[in-house]
Amino acid sequence: MAKLLVIFFGGVLLNNFILSRFLGICPFIGISQQVETAAGMSVAVIFVMGLASVVTWFFRHMILVPLGLEYLQTIAFILIIAALVQLVEMVIQKTSPTLYQALGIYLPLITTNCAVLGVTLLNVSENYNLLEAAVNGVAGASGFALAILLFAAIRERMELSEIPEALKGFPIALITAGLMSMAFLGFAGFRLEALFGVM
Amino acid sequence: MAVAQAVLVLGLTGAVFGVVLAVAAKKFHVEQDPRQGEIVQLLPGANCGACGFPGCSGLAASIVAGDAPCNACPVSGNEVASKIASIMGVELAPESEKKVARVFCQGDREKCELRYVYDGLRQCKAQHMIAGGAKSCVYGCLGLGSCVDACKFDAIHMGPLGLPIVDEARCTSCGMCVEACPRGIIQLVPMSQQVTVLCRSKARGAEVRKTCKIGCIGCGICQKACPKDAITLQDNLAVINWEKCDGCGICVEKCPTKCIVRRDNAVIIDEAASAS
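Taken in sequence, the protein lines are chains V and S.
Just so we're aligned: the first sequence equals residues 336 to 534 in this note's numbering.
Just so we're aligned: the second sequence equals residues 12 to 287 in this note's numbering.
Since the hints were made in silico from the structure, they are not lab data.
Warning: the hint list may mix true and false statements.
[As the list claims (entries may be wrong)] Covered by chain V, per the in silico footprint, the following chain S stretches (three or more residues, Cβ under 8 Å):
#	segment
1	14–23
2	252–262
[To be verified] Coverage of chain V stretches by chain S, computed from C-beta distances (three or more under 8 Å per stretch; other residues unrestricted):
#	segment
3	403–412
4	459–472
5	490–501
We treat Cβ as the ideally placed atom computed from N, Cα and C, and that holds for glycine.
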């Protein structure tokens, strides 16, 4: 249990996918103009990253490892994630129109998001078991959600601020992202293992 | 051997996913009304959101579902509405009249004084947040031109005395300026409605007299004078019911502060031309 907590808070704060690992930057910059759309994207990412972690874990341990084909994992995971997201989108559209309204437009955007592929490969390199992999997926996506929501709120405020002409739009957004990343590096000093009593 | 195995595994995986997706596409297929696509083709495609639905395709879906009328798109004219109506196989409801944006304030720099010198960001929203704006009337136009910036059709210009002027010929009644105004001074009004109460002040008469030379003091003279009972007093402010008003103009003559105004469309267009 304590180890799961370490993985979760590590994923959200210490190894934040956007601000420390620099994965999933495209939606971070692209879909962060409004808090509302950022929230929609966040929920979709949490959903897909959690699901992808579980499915790729099964695929790796039931097909790739027995056949000694671990070196194929990157390309195989891309295939799985793309197919999975498509399938989930179709199922949601049929079964729950409301959820489709909320998630639908964001789902196709994350088929090839590097954060999703990143979390599955990290699960492998960290040697996580199924439960740990699932927690890591949700934690990584929650960190993504935290970063993009904070960033979107800051950008909404910046819309109403006086910004030098040359810095308007993306330049100031990138500078802000850099400052946020530095702020998040402050968490790097935390020793979660000591905090939760796992050594 | 290893290569063959790798190709086989990935190829098979891909094939399985392909089949699964194909089956799912059939099984989870959602019927889409072909009329929806036709209506999307007719709509402007700007996704401006003025209709209140999420983009043009959202409006098309609502029209097909019967949740929105055929003329729900405020930007495209009656021609498009009648084409949509023919796709839907219904008669178009009585022709909806074109609406235009009107500025419900006449308190320009000469008629309404300033309480403080504002030196901040040139946006109405920003000034509105600082003690209710610099104007002595907290309901009046701040005159920083956020509506001018919001207009995508170049139909609003700032007049010489710090009040925006709408070019009614260019106005598409999209409502962007209505949203941009933090005071709610701009409203969409039927184009033929020429008599309007150009004030939004809900303050009591005595207070209005102190702050603005041309505001509505809520005296009720217009209410008594109107032969059609089209004017009512709501929160110390005269409001005209456009459905009852026939534009006779008696109230314009009776109003002691001259805040009820008759404006001919021609005059408004001239004003806009001279302002630009």
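Practice task
Between the segment 459–472 of chain V and chain S, see if three or more residues pass the 8 Å beta-carbon test, and mark the coverage as holds or violated.
Solution key: violated (count 0)
Handout entry: Per-stretch coverage check for the segment 403–412 of chain V, three Cβ contacts closer than 8 Å to chain S
Key = Satisfied; 4 residues make the cut.
Problem - chain S over the segment 490–501 of chain V, status - at least 3 residues with CB closer than 8 Å - result: holds (count 3)
Practice task
Check, residue by residue, whether the segment 14–23 of chain S contains three or more positions whose beta-carbon lies closer than 8 Å to a beta-carbon of chain V, and give the verdict.
Solution key: With 4 residues close enough to chain V, the hint holds.
Practice task
With a C-beta cutoff of 8 Å, work out whether three or more residues of the segment 252–262 of chain S approach chain V closely enough for the coverage to hold.
Solution key: Not satisfied, violated; 0 residues make the cut.
Of the numbered hints stated above, those contradicted by the structure are hints 2 and 4, listed in ascending order.
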